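2 protein chains.
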Amino acid sequence: MPAPDDFTVTPYEVKGRIDYARLRELFGTQEVTDELRARLRRLAGGDLHPLIARGTYYSHRDLAHLLDRYERGHPFFLYSGRGPSGPLHVSHLAAFDLCRWFQERLHVPMYIQITDDEKFWARAGLSREETVRWGMENLYDILAVGFDPARTRVFFDSKSIGALYPLAIRVARKIPYSTVKAVFGFEPSQNIGLVFYTALQTVPCFWPSWAEDREVPCLIPCGIDQDPHFRVTRDIAEGLGYPKPALLHSQMIPGLLGDQAMSTTGSAADNALFLNDPPKVVDRKVKNAFTGGRATVEEQRRLGANPDICSVFALWKTRFAESDQRLAEVERGCRSGSLLCGECKLSVLERIHAFYATHAAAREKAKEWAESAIVTAAPKPV
Amino acid sequence: MPAPDDFTVTPYEVKGRIDYARLRELFGTQEVTDELRARLRRLAGGDLHPLIARGTYYSHRDLAHLLDRYERGHPFFLYSGRGPSGPLHVSHLAAFDLCRWFQERLHVPMYIQITDDEKFWARAGLSREETVRWGMENLYDILAVGFDPARTRVFFDSKSIGALYPLAIRVARKIPYSTVKAVFGFEPSQNIGLVFYTALQTVPCFWPSWAEDREVPCLIPCGIDQDPHFRVTRDIAEGLGYPKPALLHSQMIPGLLGDQAMSTTGSAADNALFLNDPPKVVDRKVKNAFTGGRATVEEQRRLGANPDICSVFALWKTRFAESDQRLAEVERGCRSGSLLCGECKLSVLERIHAFYATHAAAREKAKEWAESAIVTAAPKPV
Chain A
10 MPAPDDFTVT PYEVKGRIDY ARLRELFGTQ EVTDELRARL RRLAGGDLHP LIARGTYYSH
70 RDLAHLLDRY ERGHPFFLYS GRGPSGPLHV SHLAAFDLCR WFQERLHVPM YIQITDDEKF
130 WARAGLSREE TVRWGMENLY DILAVGFDPA RTRVFFDSKS IGALYPLAIR VARKIPYSTV
190 KAVFGFEPSQ NIGLVFYTAL QTVPCFWPSW AEDREVPCLI PCGIDQDPHF RVTRDIAEGL
250 GYPKPALLHS QMIPGLLGDQ AMSTTGSAAD NALFLNDPPK VVDRKVKNAF TGGRATVEEQ
310 RRLGANPDIC SVFALWKTRF AESDQRLAEV ERGCRSGSLL CGECKLSVLE RIHAFYATHA
370 AAREKAKEWA ESAIVTAAPK PV
Chain B
10 MPAPDDFTVT PYEVKGRIDY ARLRELFGTQ EVTDELRARL RRLAGGDLHP LIARGTYYSH
70 RDLAHLLDRY ERGHPFFLYS GRGPSGPLHV SHLAAFDLCR WFQERLHVPM YIQITDDEKF
130 WARAGLSREE TVRWGMENLY DILAVGFDPA RTRVFFDSKS IGALYPLAIR VARKIPYSTV
190 KAVFGFEPSQ NIGLVFYTAL QTVPCFWPSW AEDREVPCLI PCGIDQDPHF RVTRDIAEGL
250 GYPKPALLHS QMIPGLLGDQ AMSTTGSAAD NALFLNDPPK VVDRKVKNAF TGGRATVEEQ
310 RRLGANPDIC SVFALWKTRF AESDQRLAEV ERGCRSGSLL CGECKLSVLE RIHAFYATHA
370 AAREKAKEWA ESAIVTAAPK PV
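Chains as they are written, first to last, in the numbering used here: chain A, 10 to 391; chain B, 10 to 391.
Derived by calculation from the structure, the hints in this document are not laboratory data.
Source: prediction; values computed, not measured.
Among these hints, one or two may not hold up.
Simulated coverage check for chain A against chain B, where a stretch passes if three residues somewhere in it have a Cβ under 8 Å from a Cβ of chain B [as the list claims (entries may be wrong)]:
(1) 27–33
(2) 49–56
(3) 94–103
(4) 130–139
(5) 191–202
Glycine included, every Cβ here is placed at the ideal spot set by N, Cα and C.
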């Protein structure tokens, strides 16, 4: 009998030291292989998004099948979302940045869901006004990643319910309470909003097929912790006559304090770089960030440091190394002891500040078209 | 220890011989007393709706309190609804007819909810197209009862979801799954649509208060089997800052075959007079209806018949006796043996056919304004 796994990964809880290869086995997903990476590189015109090239997106369901169809001229669309409970942090943008890259390279539509209803149901302390306000603020940040206004549509749940509900009615009949309870581990005290919610999170996966009366497959880049949500979706797809969504799963992006995920729930705000942090706060957080460095400079020079457990190296890897070569240099310097943590932090901070400035400008532009991207009408009455 | 009750009354099941006084005790509701009837008669300008005068509406929650406020100049509104699974039958109109009377006499608004989503979730055999189509057909029949277009608004769930959802989000957070399970007796295999549904059925009770930013109390005339739905509503009202809805409960109206309710689920279609039944079918159903008559004419002349168990007498009592005097005459003739069942049936059939003709004309008129009565926009964003 194998030893029990000492980690837990669900949409509502990530704990323990995650063995990602084992998690893929447990979930029964497929590996992002060198062959699949080479294929994506070719389809994208020669390069690969860093989050795929560097292994953060490492697992999938049916991505190869989706690409087979794409190569036969069958378009797909991208779907990702956000539960608005507060400001976004840098790693929240990872999946969206990957989506933007797919959109740009493969010319496919993007659907973004802002789940202001879900967050209100999931967090007793949040008011409706807050979830709606954060929903719009988060949407500006998401669109600022560089989505094409002509190919990007938004479902803002409370504003888009008229567009979502006719399909949600059909979806909800297919999902028994027992499934939701098993997948999400809900207690009987859970409110009926959150119980219903998985129906609304499923709707965008089928919406373009419904609206266009033809099969439009869906690709969902997401943290592997979100996989259970979409297993429910995949299980009911055929019964409704829609294609199963394909998934592309990322590992969790570590937090600045050395946690395994840049999570904000139940951990200090210093664990994450929020997009609304002022420059001084960004400086402080990065300077205090957990690294793989040694106790003394002398020791580090002699033995080198460990990038595998370092939150600053994770920043380089997931966003701020402008090239794979640059990332390799940082890693070499780190392991060899030639690059000290303070120096490394200053170097990544330069890039972080530049990113914040670019992002702020793009965000102002995004505000101009955000409202018009929100879908409010159903494509058909039933 | 008292004997266990040998009847069951829930929103999804009515069985056994119902002891209505006992049911009121079990549910903890108040009696419609002579004093309350006298008060209603006075407020209505001197007469009383037959369904109240003749005791069909026999139980309430907080109606006296609602009238206290009404007399102090505080308006209320009426709310009733329909789950569209097929054609309406005559007794479906009872609650609406009572609402029309309240609207006419007390000049109050009426809100009608058509729950096309709920019926789709509750009946596996119904398609969405069917629930929507029956929803509109049923709505024409309901409006034909004589509602005032200026004071009548409709929530047709799938069309009105944009108006209902912002408030439904708040309501749903207040209702745990355990409550819904206990009140409705749902199994784990129940779909998450029906689990969520009670939130949407609650929304109209609070909607005018929400829309107008002031307390607008609600009065719901309904079958006593529907009381559990609104107990949930009453329990959460204060926590949301809205007044508890008042209820006025009717006894079940017996079916033509002698069942205790003119129910169509699981019983022969001959148990009910559908509003779309052609005259010949109406004739056949009434002629075959269960009565309290005797085995032979001779016996009936000698011993009289029993109106208490008679489905034809129920037709007289709940709609077709144009006056209490007329009803008393029918009852006297029945008990004394002077009125035979065949004769009595012909007499009520005359009135039924006249009603069908009037109703058909009113229905055509109602079609003209039905669509415009449907509320589609939320009064405020959050």
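Mind listing which of the numbered hints don't hold for this structure, in increasing order?
As far as the earlier hints go, 1, 2 and 3 are violated by this structure, in ascending order.
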